[in-house]
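A.B. asks: Sequence:
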Amino acid sequence: MIKKTEAPLLSLADIVTTVNGGTPNEVTILNHLNLNIYDGDFITVLGSNGAGKSTLFNTISGELPVTAGTIKLRDRDITHLSVEKRTAFLARVFQDPKMGTAPRMTVAENLLLASHRGHRRTLRLRGLKQQMPHFKEMTATMDGNGLSERLNTATENLSGGQRQALSFLMATEQRPDLLLLDEHTAALDPKTSAQLMAQTNQRVTQERLTCLMITHHLDDALKYGNRLIVLDQGKIKYDVRDEVKAALTKEQLLGFFESID
1 MIKKTEAPLL
11 SLADIVTTVN
21 GGTPNEVTIL
31 NHLNLNIYDG
41 DFITVLGSNG
51 AGKSTLFNTI
61 SGELPVTAGT
71 IKLRDRDITH
81 LSVEKRTAFL
91 ARVFQDPKMG
101 TAPRMTVAEN
111 LLLASHRGHR
121 RTLRLRGLKQ
131 QMPHFKEMTA
141 TMDGNGLSER
151 LNTATENLSG
161 GQRQALSFLM
171 ATEQRPDLLL
181 LDEHTAALDP
191 KTSAQLMAQT
201 NQRVTQERLT
211 CLMITHHLDD
221 ALKYGNRLIV
231 LDQGKIKYDV
241 RDEVKAALTK
251 EQLLGFFESI
261 D
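Those letters in the sequence shown? Residues 1 to 261, by full-length UniProt numbering.
Keep in mind that the hints are not guaranteed to be accurate.
[To be verified] The calculated label-pair distances, taken between Cβ atoms and stated as ranges, are:
1. 143 - 6: 12 to 22 Å
2. 208 - 31: 28 to 38 Å
3. 256 - 149: 37 to 47 Å
Read the hints as simulated data drawn from the structure, not as lab findings. Ideal Cβ positions, reconstructed from N, Cα and C, are used throughout, including at glycine.
Could you build all of it, start to finish, from the sequences and the hints given here?
C.D. replies: Next comes the structure, spelled out in structure tokens:
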């Protein structure tokens, strides 16, 4: 169990999340889960299928309502806050490269849209032309995928790696309080996946973003982040950080999974 003296950025207290409530198919996925997330945490999230990883993200983002428990952001109760209102402080990148971008809008138009995330919408000029140098510089940080040369290309015409890189840039453009990476490299080929993961780590660490990243790759879970948690049957069964995490081996982690099967 992690013990910190500072106040958490996000606190999940005794969270129960049930789906298909009141039917014969009712299932409790998160089972009195407790988790404190601190400013600057880069947490890799592991767990077998059905352990509750995606449900945890859907609960944090507001996609799934909690059955019981409390969610607080900087000590403000957001348990029943809508998905739309949570976008003011939360961003998410999904596994599917087609999610998170508008396919018929250009790369630059998608980035412009992301720059207004969480802001009140008003009638005003887009200012796209003035933003192009900034977007050029931003996309150039995603080395080697050619995204900076495709600012005027419709997103639907990008490769999967380019589209996922764009999704990541859009999610981090406004520096969210909390970034959720939902297996964001899983649909990519090994080379593109490794490239995006390295770029992700660079941006998260340089910007000191607070981030949770679901992954099925034990090597990535061990290599990246300052903290690692393992979910099992809707609860956090393992939670390590800093020097303890850095000393973990793949064999030790595999042994832990075998012990909870």
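A.B. asks: All the hints need checking, so say for each whether the structure fits it.
C.D. replies: Taking the hints in turn, this is what the structure says about them:
{"no.": "1", "hint": "143 - 6: 12 to 22 Å", "result": "violated (35 Å)"}
{"no.": "2", "hint": "208 - 31: 28 to 38 Å", "result": "holds (32 Å)"}
{"no.": "3", "hint": "256 - 149: 37 to 47 Å", "result": "holds (45 Å)"}
Hint compliance for this structure: hint 1 is the single one not met.
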